Amino acid sequence: MSDLDWQPLVDACLDLAERGRGLVEPNPMVGAVVVRDGEICGRGWHGRLGGPHAEIVALEDAGEAARGATLLVSLEPCCTEGRTPACTGAIVKAGIAKVVVAAIDPNPRHGGMGLKRLRKAGVAVEEFGGPGADRARRLIEPFRKYITGRLPFVVAKWAQTLDGRLATHAGHSQWITSEPARTRAHEERARADGILVGIGTVLADNPSLTTRLVEGRSPRRFVLDPHGKIPLDARVFDPATGGVTMIVREDLKPSRRRALAARGAWLMELPPRDTLDLADVLARIRAAGIGRLMVEGGPRLLGRLLERRLADRIQVHMAPKLLLDGKGHSLDAVRPVASMDEALDVQDVAWESVGPDLILSGVLEKSCY
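Those letters in the sequence shown? Residues 1 to 369, per the working numbering, in order.
If a hint is listed, it holds; no wrong ones were tucked in.
For lysine-lysine, the following DSSO-like pairs were computed, each having C-alpha atoms within a straight-line distance of at most 30 Å:
#1 Lys-253 <-> Lys-229
#2 Lys-120 <-> Lys-93
#3 Lys-93 <-> Lys-116
#4 Lys-98 <-> Lys-120
#5 Lys-229 <-> Lys-327
#6 Lys-116 <-> Lys-98
Everything labelled a hint here was simulated from the structure, so no lab data went into it. Quick caveat: nothing in here was measured; it's all calculated off a predicted structure.
Taking the hints into account, I'd like the entire structure generated from these sequences.
Structure below.
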């Protein structure tokens with residue numbers, strides 16, 4: 001690296017990448033800037049699935065100023081043909097002298113190949129380290145898991161009181177947190193490809209599972225309901241809110257299948273096992289093209305998910321309330337824990353104050369990554 005202070009340029013590049021959140025998944029968020037004499041002369045980001053990549057947008061924005069300049073990109077440029085042409089060819093054609101990348105492509109079939117091709121074409125290549133590289137890697141966490149594994153990147157989200165209750169003993173949970181916190185939760189939904197809840201949540205809260213409080217797409221909705229208990233007038237069936245996928249057992253009664261189909265539901269079928277295999281459920285959701293999945297409960301589903309180490313991140317909305325209900329619902333797991341040594345560690349913890357509430361987010365160290 002030269003004596004130029006690259007950190008502000010990397011921050012600008014990653015800020016651009018963030019603009020694609022909720023619009024490009026399961027593809028990664030990517031930002032790019034063209035730098036000449038320490039100044040940005042071209043900006044770009046991947047703005048929609050199937051649209052031009054960040055590098056192409058930045059090169060077009062820079063025009064002739066790109067010749068002999070440096071291209072800073074948050075993720076290694078692609079070198080293969082897909083929905084769009086390979087970016088490496090466009091970079092060489094534009095006359096870029098140097099490419100600086102903050103993260104390497106996690107796809108094992110492509111990782112490092114883009115940089116190798118650029119070097120072969122005479123373009124200087126460098127990797128940027130430091131905090132910017134860490135942030136770049138976090139941006140592509142969902143894509144990394146999507147492209148390298150059989151499960152989606154799972155964000156487990158729940159709201160609770162200060163004494164750890166997700167609902168009263170009667171199952172009432174609306175509303176634990178304030179409207180600003182609920183709006184913040186909808187922003188997170190808009191960043192996901194899919195959202196999953198269990199039938200208990202539908203029966204207790206009758207949610208629509210949309211992003212009605214914010215602008216942005218609503219994620220594809222999944223309801224885990226092996227025995228088809230969902231009421232046919234549930235809000236998730238409202239045609240104005242889009243379709244819903246019901247996850248049911250293969251041996252569900254034909255009459256119930258027809259009733260669900262008549263309400264516009266798609267059916268995802270599970271083998272009729274005695275014990276639900278959550279990893280299998282997630283694998284099927286991943287096979288349906290979901291890269292980032294929000295799981296919003298309730299206590300039983302979330303507890304099983306966390307117990308099995310199937311969540312990658314958590315997001316806990318905590319309200320300044322004490323329920324003081326000894327039979328109120330908390331996260332429900334099966335396996336008893338005798339020692340703190342068995343606790344799940346949450347890392348990369350961040351706190352956010354939203355209205356009167358606090359939101360904690362972090363990475364689960366022992367996730368099935």
